[in-house]
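So the chains spell out like this:
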Amino acid sequence: MAVTGRFVLLVGLGVVPVLALSILADAGGWALLGWLLLCLLLGAVDLAAAASPRRVAIERSIPRRIRLGETATARLLLSNTGIRTLHALVRDAWQPSAGAARTRVRLTLPAGERRAADIPLTPFRRGERRTEQVTVRSVGPLGLWARQATLSAPGAIRVLPPFNSRRHLPSRLARLRELDGRTSLMIRGQGTEFDSLREYVRGDDVRSIDWRATARRGAARPGQEVMVRTWRPERDRRVVVVIDSGRTSAARVADEPRLDTAFEASLLLAALATRAGDRVDLLAYDRRVRARVHGATGAELMSRLVDAMAPLEPDLIETDWAAVPAQVRALTSQRSLVVLLTSIDASGAARGLLSVLPQLTRQHVVVVASVADPEVVAATRDRSDRASVYRAAAAERAMLDTDRVAAAVRRLGAEVVTAPPADLPPALADAYLALKAAGRL
Amino acid sequence: MTLTDAPAVTPTLRRALRRGRVWIAIVAAVLVLALISLLAAGGSSLGGAPLAADNAAPDGGRALAEVLRAQGVQVTATGTLDETDAAAGPDPAGTTILLYDASWFLDRERIDRLGELADRIVVLSPTADVFDAYAPDVAFAGFPDADAALRADCDVPAAVRADAVTAGESSFSSVGDAGDTEFCFPDDGGGYQLAQAPHGPGTVTLLADAAPFDNEHIIEAGNAALALNLLGETDQLVWYLPSFLDLDSAGEQPTLADLTPEWVTPVLVLLIALFVAAAVWRGRRLGPLVVEDLPVVVRARETMEGRARLYQRSSARGRALDNLRVGTIRRLSGLLGLARAATVEDVVRAAASALGRPADDLRRLLLDDDPANDAALLDLSDALLRLERDVRAATDPTRPGSEGRP
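Line order of the protein sequences matches chains A and B. Sequential numbering of the first sequence, starting at 1, is according to the working numbering. Sequential numbering of the second sequence, starting at 1001, is according to the working numbering.
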């Protein structure tokens, strides 16, 4: 049961008869009693005449997936199965992070009819955003008292990582195409796999002229055409992206968890690599496999990746690096590019990583990508007062630690990519392109 | 297509009642028990004024009043002199008044008026005005000197019949000419418990203390006999315990209720009702709260901040400065194009030659100086920044003139 503002107004209006009767007839007490009883009586009549809030059938039509930052409309369909017209205030109990623009809708539902309530959702957190219940408050015909019931009507929408770094994709794809021999200009050294023979055009590297082929062709048809070999980067290589979802990935750099930056970076890398013809596998791991995408290509790969990433949250446990080589081996037995997205902040925390790197570098090309904190760099510059000098000292210390770990990682034969959150995805893509251009994959 | 109603989470009224039946039963049982115990207590409260006729507490007077009623005496409890007047009836001879003015409400004028209402007046623990009005030769004599019940030892019939009473907490003595006043129940210290003075055709009987007549002591010694003899002589007994309404001021000064207009109270009550209605209106939630797991917020720089605070709290100037120096040296060696493995000495020499400054200065700055206090630390850190900026400027190939430096 609930009362409305109109009922409160009605009670308040009692001031008129109470005042009038006390001044005119000296019967204020009786007027008060009578008015309150009248209010209660009207309320009770109204309540009895209200439609049942339980006689409501609910259907939902919600888009299954949405990117973070986009807006979708969740439609709530209410059918009145009762025999009275339902004047209802309906609340759809979405989680706050689902970003519902409004959760309360006023509806008038004649008996046996169905009405829709559209609720725009702009989620501000990744993952599975849910609603469990719909509360219907059925106001009586007088609008004084209302019946209220909460109905179970679960619904959910999966909020995918935003993939903001996709704006870097066109420029990286252009560079990939340059490597790929699709442009007429060939630069020797970009790619090592033999692609085809074609006629020399001005601007080609003279070192790539294939004299043997020129001689064969010249024998068939006399002329000056010289043949050049074209090269292309290797295709069908494997890329394994390992995302550390342990406790260090929960830390926020520039108000973004490391894990989300890792998602951005791995999505850009995967989009680039799958266009380049490589096969991408993803593994999110701390002490157990939190997400795993294997054997998908093209558009399916991207959709499976975001789907796997969407519900993933950092676990506040230490990552078990010792098990990572075995997990990588389970994904691929070939020589691959293994990208470890983790943090290399402190030598203590990175010890586990350093101890397993040799196993990985023996067989694979390993890139360790880590988010650098721009605030740390800024802190080393600020020395205005006593506290900030000590902070600068601590920041220098942190940078030194990071450098030490990075140096240790390089000594063990892996590449290191560190960049602030916004720059890490393109930096990782560039590292991939550089490896590809150098033919190291 | 047939529509099925969404399952309701809110229990129906019937279900809510069924679920809460244990509590409802417990509350009902408590209420019933309270009602039964109230009825068993005879509908009267244990509390009340001392010696009130309906007070069943140890200091009440209910035992005496009930016994008197059982004896056929019509006991009327009154609280004001006007009520007493009305209850006393027209014939002063047929009425006994019991007066117990524990709070000294009655003034002399009212005591005199009281005297006209009945011939027989029994005053317990009398006030000074009562002495003045009826027995000017009686005064209080303090705490009685008595171990046991006191013998009557006088000619007052009621006292003789009672034979002995227990002593209260005060006593009388006679002052001046005793005249017609009779004193009874003497104690060892020369005090008396009872004094009786003539009053018109009847008597005024003063009892030093009310204690012998209360519920707790009435059954001791001859207390009951004394009380019944004193109070049960006439058919009509007015049990008069004066209240504040007997004061002069009572009824004359207007109360707050008299000053406010008549409509104020109902409107106030209406406002309270309005407040309650508004509270229900705004306070009723539209469905239960939604539960959501919140993400952990761990700022990456927290370890750095913590370390900075540690340095500061322990004034680790040397360690802090070393960190700053190492950072500067690393950047300098990069700017000066030295190898990663370059020693500090290499960096000092290269920077000195790039800037044209004495190497000793730089060596002190980068290695030897030990800051004695935080001000020195700030100066050194500023000097490090300046050095870095100078080297950056000196080695910047885009700036003209930087090449020409030795």
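Wrong hints could be hidden among the right ones.
To be verified - Covered stretches of chain B (in silico footprint by chain A; criterion: 3 or more residues with CB under 8 Å from a CB of chain A, positions within the stretch not fixed):
| id | region |
| --- | --- |
| 1 | 1008–1022 |
| 2 | 1271–1285 |
| 3 | 1292–1300 |
| 4 | 1323–1332 |
| 5 | 1375–1388 |
Claimed, not checked - Here are a few chain A residues that face chain B, going by a calculated C-beta distance under 7 Å:
| id | residue |
| --- | --- |
| 6 | GLY34 |
| 7 | LEU37 |
| 8 | ASP118 |
| 9 | THR150 |
| 10 | SER152 |
| 11 | ALA250 |
| 12 | GLY348 |
| 13 | GLY352 |
| 14 | ARG404 |
| 15 | ALA408 |
| 16 | ARG411 |
| 17 | PRO426 |
For the record, the hints were derived by calculation from the structure and aren't laboratory data. The structure displayed is predicted, hence computed values, not measured ones. Using N, Cα and C, we set each Cβ at its ideal position, and we do this for glycine too.
Hints versus structure:
no.	hint	result
1	1008–1022	holds (count 4)
2	1271–1285	holds (count 7)
3	1292–1300	holds (count 7)
4	1323–1332	holds (count 5)
5	1375–1388	holds (count 5)
6	GLY34	violated, 11 Å
7	LEU37	violated, 11 Å
8	ASP118	violated, 19 Å
9	THR150	holds, 4 Å
10	SER152	holds, 5 Å
11	ALA250	holds, 5 Å
12	GLY348	violated, 11 Å
13	GLY352	violated, 18 Å
14	ARG404	violated, 11 Å
15	ALA408	violated, 13 Å
16	ARG411	violated, 12 Å
17	PRO426	violated, 21 Å
Of the numbered hints listed earlier, those contradicted by the structure are 6, 7, 8, 12, 13, 14, 15, 16, 17.
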